[in-house]
Structures are given as C-alpha cells and as structure tokens.
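Participant: Residue numbers (the numbering used here), protein chains in the order written: chain A, 44 to 290; chain B, 44 to 290; chain C, 44 to 290.
These aren't lab readings, by the way, just hints derived from the structure by calculation.
Copies of the same chain look alike in the list, so a pair counts if it works inside one copy or between any two.
Taking lysine to aspartate or glutamate and the EDC-like style, the derived pairs with C-alpha atoms no more than 16 Å apart in a straight line are:
1. 98 <-> 167
2. 119 <-> 167
3. 54 <-> 85
4. 205 <-> 284
5. 220 <-> 94
6. 52 <-> 80
7. 272 <-> 85
8. 54 <-> 80
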Amino acid sequence: MIGLITDFKLKDSYVAEMKAVMYCIHKQGVVIDITHDIPFGDIEAAAFLLERCWKSFPAETVFCGVIDPGVGTSRKAIMGKSKGMYFVGPDNGLFSYLFPPQQVKLIPDHLSRKTPGNTFQGRDLFAVAAANLDKQQDNFLNSQGISYSGQLVKLNTAPVPKVMWIDNFGNAILSMKPEHLFTNAPKFCLNWGNYSFSEIYPNYQALAPHQVGLVTGGSGYLELAARDKCAAEILKINRGDILDVRN
Amino acid sequence: MIGLITDFKLKDSYVAEMKAVMYCIHKQGVVIDITHDIPFGDIEAAAFLLERCWKSFPAETVFCGVIDPGVGTSRKAIMGKSKGMYFVGPDNGLFSYLFPPQQVKLIPDHLSRKTPGNTFQGRDLFAVAAANLDKQQDNFLNSQGISYSGQLVKLNTAPVPKVMWIDNFGNAILSMKPEHLFTNAPKFCLNWGNYSFSEIYPNYQALAPHQVGLVTGGSGYLELAARDKCAAEILKINRGDILDVRN
Amino acid sequence: MIGLITDFKLKDSYVAEMKAVMYCIHKQGVVIDITHDIPFGDIEAAAFLLERCWKSFPAETVFCGVIDPGVGTSRKAIMGKSKGMYFVGPDNGLFSYLFPPQQVKLIPDHLSRKTPGNTFQGRDLFAVAAANLDKQQDNFLNSQGISYSGQLVKLNTAPVPKVMWIDNFGNAILSMKPEHLFTNAPKFCLNWGNYSFSEIYPNYQALAPHQVGLVTGGSGYLELAARDKCAAEILKINRGDILDVRN
Chain A
44 MIGLITDFKL KDSYVAEMKA VMYCIHKQGV VIDITHDIPF GDIEAAAFLL
94 ERCWKSFPAE TVFCGVIDPG VGTSRKAIMG KSKGMYFVGP DNGLFSYLFP
144 PQQVKLIPDH LSRKTPGNTF QGRDLFAVAA ANLDKQQDNF LNSQGISYSG
194 QLVKLNTAPV PKVMWIDNFG NAILSMKPEH LFTNAPKFCL NWGNYSFSEI
244 YPNYQALAPH QVGLVTGGSG YLELAARDKC AAEILKINRG DILDVRN
Chain B
44 MIGLITDFKL KDSYVAEMKA VMYCIHKQGV VIDITHDIPF GDIEAAAFLL
94 ERCWKSFPAE TVFCGVIDPG VGTSRKAIMG KSKGMYFVGP DNGLFSYLFP
144 PQQVKLIPDH LSRKTPGNTF QGRDLFAVAA ANLDKQQDNF LNSQGISYSG
194 QLVKLNTAPV PKVMWIDNFG NAILSMKPEH LFTNAPKFCL NWGNYSFSEI
244 YPNYQALAPH QVGLVTGGSG YLELAARDKC AAEILKINRG DILDVRN
Chain C
44 MIGLITDFKL KDSYVAEMKA VMYCIHKQGV VIDITHDIPF GDIEAAAFLL
94 ERCWKSFPAE TVFCGVIDPG VGTSRKAIMG KSKGMYFVGP DNGLFSYLFP
144 PQQVKLIPDH LSRKTPGNTF QGRDLFAVAA ANLDKQQDNF LNSQGISYSG
194 QLVKLNTAPV PKVMWIDNFG NAILSMKPEH LFTNAPKFCL NWGNYSFSEI
244 YPNYQALAPH QVGLVTGGSG YLELAARDKC AAEILKINRG DILDVRN
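Here chain A stands alone, though its shape is the one from the complex (with noise of 0.2 Å):
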C-alpha cells in the first residue's frame, strides 16, 4: 500500500499522473490519498499529519510525500524504511516524526524518469521509487551503491503546546499529549489571551455546549476543541501559533 500526501491540491492533473505512474509499474498496488490539501510547501504541517496517520496504515505502508519547495535544487531525494515502514520524498524534514530511521538511502538513478527540464519530480521521481518500493519491499534498501543521506531535518519535538494543524471542524491540534504536561507538575495550565484551560475532557461531548476545552484527540495529541463550534475561529488562533504553559 501507498499512502499519499501532497501540497498538490485537486484541481490539475499532477495526482492521477503519480497515481498512473505507480499503477504501470505496480499494476496490483493500492494508493490511499492521505491529504492533497497541505497549505503550499508547508513541511511542517504535512510532517505531522503524517505522524498523525501512519499507525492506522498496515505494516510496510510506503509513505510517499510530495511537499517540496526546494523542488530540483540541492535538497537530497531519499527512501528509507523506520518503524516498520517505508517511505519516499525530498529530504526536507518530511519525515520527521519517523524518525530515527533504520534505513535512510538516496534514490539511486536507475529509478527515475528521464523528461524535458525536470520539473514534476512528483511523477517522475518519487512516484517511480514508491512503487518499486511497494512492488519489491527492501529490495532497493538493501542493494549496493546508495550513500545514505545523513541530512536529516528534525522538527522540534519539545513538548511546547503549539498549533500544528487546524482541522476542518476548526479543531487546533496541539504538539503536545496528556503526557506531556505531567512530567513536572500535577498540575499546569495553558494559556492563550484572555483563555485558560487547566484540564483535560476525555472526549468532546464532555465539553459544555459551545465550551472550548482541551481534548484528547484521535491522534492522542491535545486538541483546543469547541462542541458544535469552530474553536479556532473563537480563540483567534493560527496553525503555529504557541500557547503559553505553567506547570
């Protein structure tokens, strides 16, 4: 299986032409489209959604990403495989929360398409490598001749509450899990203007109606929710925005 995230959005052809790529050379494979709607370049974002996601795929997923602002400049182009998956992209940090990778490889030339300027690396690199990766599992990883990268950019994981994605419910979902807030103190309060929210509701229907609270969400991080309202649009509060914390 291949997951799918891109800045691509749905309105040009540039997904079916990745999808009819991996299709040629991996006639039984399946693609789940994780998103295509990741704002503009922002790596940042889709990194976390990807660690959002990854643990409900099955085993040996091939995550292939495509948020690439450095298209065709220096940045490396890797596959690898951690955690018992694999995955396929620019080496801009994308991959971050799957980290530390047990395999991290360079794409060997042989799989890549050769056209005119190189400008959709998308279909023409990525979408090759994950196929082949999804076809033949390991096979790449463990061939001769591929230097690993060693440039891996790692987010900052620190346990600092910051906006890391609006959801389409207006939901904010934090950088940071019950359990991060326990590690000094019994007690800790976040702040954001004139809000303070010193505890955690189970589920959103613990919440009062039109109450903003902070959740546990699906993905066990924090989230700054609202029962049948958008929170973010209440709080005035932006993806990387950071929200004071008192232990």
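Model the placement of chains B and C on the given structure of chain A, informed by the hints.
Facilitator: Just chains B and C, lined up with the frame of chain A:
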C-alpha cells in the same frame, strides 16, 4: 464494496485513516467515496444522497456513513441490512431512506479499537465494523447476543416539495418524484415566489435556454433546473425551503 | 484501467455513481480520477489536460470524459481507440488531442441504462460504455453494425502561445512546446503587457527568486512560472489569453 459518506471534507487525514483501517481488516476491499462534502452535521442531506445513489451500487454494498453531530453521546452505533445492502453508522436517521430494514443491531463491542478519549469513532468503530461486514458479510448480523436498536429515526418522506439538496450545477433537487404530483388530481402547480411550475420536462435539453423548469433528475426526483444557468441562484432558493403545491 | 475526467466537482454523489456503475460491470477495474474540477463545460481545458496526462497511463487505458454542455442534444456519444488508448465520451472535441484516431464509433444502444429523462448520461451511458471497454477491450469496437461518427471537432493546435490551463500553483501553461518557438528563427520573444520572455529555463529552480519566466513544464509545454509565487496573479493573465510572439 464499501460506499463511504462523511462530513469530514478532504483537508484532514480523517478519511484516509478510515480507509487505512478498513484495508488492514479487508485487503481485497474496494472503497468508493460517495462524498465527504456533506454540510457539517446535516443528517437529512446525507440520508437523501444515500437514497439517491444506493441503487447504482452492487448488491451487498456496505454503506458506511459518519455524519454524527452527537459523536460519543447516547446515540447508538448501529449496523444492519436492508434492501440487500448493509449499512453502518450512528443511529440518528442517516439510513432512514433505506428502511424498513430486515436487520438492525447495535455494533458489538469487539468491533472497535480502543483509543484515548474515543474521539474518532469514524475510524475506531464505524470503519472497523464496515470492513468486517464487507469481508464476512452477515456473520456479524447473524451472531448471538446483539440486541436490536429499535430507535431508528425516520425522516419526513411525505410528498412535500422540499429542497433536499442543491447540486454543484445549481439544480435544486426536491423530495418529490413525478408520481407524487398526480396522486390526487391530473393537474398540479408548484409555486416559489413569482415562479410557477406546472409542467415536468423529461430532461434539461427540453428547457429553453436560461428557462427555469421542473425536470425529472437522474435520481428520479424532481429538480428545479435552468439550462446553462444556476437555478438555485435565479430562484434564490436554499436547502430546506418548501414550495407551495396546488393540485 | 479507467481515467475519469469530469466537471462534476466532488460535492455531489455523481462521480461515485459513475464509479459504482463501472464496478458493477467490471469488478477488477481500477479507476483513477484525473480531475473533477474542470470549469463547467470547458471542453478545451479538459482536452488539454487529457493531452497533458495521457502518456503517464498504461497502454489500453480507457479515458472516460464527461464535460458535456450539450447533454442529450444531438451531439453524438462516441467511443474509440487512438494511440493505443481507448476513449469514451461526448463527440464535442474532448478527445481532440488524442487524434487522429484509428477507430471512432457511436456508442451502441445496448451500452446504456434506461432511466427517466436520461438526464445523467455520465452514469447511464458513458460509465457503462467505459467499463465494458475496459473489461472486454475492443470487442465493442470490432463488432458489426456501428457506424463511424465522422463528426470530430478538432481544437486549434496551431502553435500560438495561448494560456490553456492555470494550475493550482499559479503556473500559466501555454499551448506551445519549446520546439514550436524555433521553427522559423533562432530567436523569439513572447510578450504580455510589460513583460517579455525570450529565454526558456530548464526548470523552476533556474529562475531567480520571485522572477517570472518561461519554463518547460512537466508536460513538455511551456509555462509562465514564478519561483515561490503565483505567476498568473503577477502577470494578471487568465485562461484563454494569447501572448504576442515575435521570432
């Protein structure tokens, strides 16, 4: 086959997580996205779209619906069989048009994944149940120890000309089929503002250019349509509006 | 494999109904969504996207297109073979770039479902024909009693630099390939307002930051692109606009 309908939109990874979980359970399964663009919590609209499209699917399709404003509240989680099709989702009226059902049961506890807070029942409960139903057919329905819900909400299916859906072309689809208009009298007149409709056109091309008229749509329901124009905009009519009818 | 392109968008269940019907006919079939976001009735744009992407698909793919402003009028419903690919759709120019075809035929009557009004030919005619072609290959094309259409509209494919598509990144894709520019002279200049373009860059990274320039895109066509910016917005250029060209 699984037909999937939600109000999740496609920006987040939520739909992908449901599909990944389904695939883990039933590797040979096929999922068709009905739509993920139901207005948030709009059970009535989703029920109508299910009624519209279910006949196009093969027998024994599992319709999995997650339009669930009361996620985690006391509303029941159900699975069942009706008209040769299966359905899985919250007990909130979503499958009302598929009734009367032959079998409706509560989803048994062993058909769910335990996660913190249980905030994502679409993935952890409904996707799991739908994939198992798709794989094993009605083994689960036939199994012992599952009580009938008996709490099924029925939508108003009386033949009043209510706008049940406005499609992307601006056609306003009514909750009425042509045969409903002629039950009491050979003549009828539907009225909306200054517009009167007393004739049913067989298809869009039978309308004059830019004329707004009553057409029998692809679903068998009546539609207010305009040739090459957005009828809903011309009529200033919205979902939920009800026309006057005179026989 | 079926490659599906429509102007239906994804809000309604229309695309799902087409796929469900296809699956009923050909259970092993795979459908790839090219896009459903073609502007309403924009045959020229869809034809261009088909030209752009068809080479990425495997041989014998069936391209099913429903961009059909004249649904149900006298325009013919056709199926055919060209360049090793099949195509199914309205006879309105949608497949013009795939020509000259080896075979084009009217879709035979037995390849359709009868419904009231026949308002949804995408589902009831084109999906049925496409799935049968995908399953049985050219049995239908070889069968007797089907007359050639002979009414194929060709798009203007003369090498004028017309904006055929603006992608989601804001790249304005022209109806010209690099080789078209040098047919008469070794030098050229494309002009749009105060902008002049007389050099072709091999890829996006060859542009200076924020520079708008002419790039050979992933399709082999020329694009007006800006690095990390929306070129179409900077240039105030729209689909259908034609640049001045001087050799």
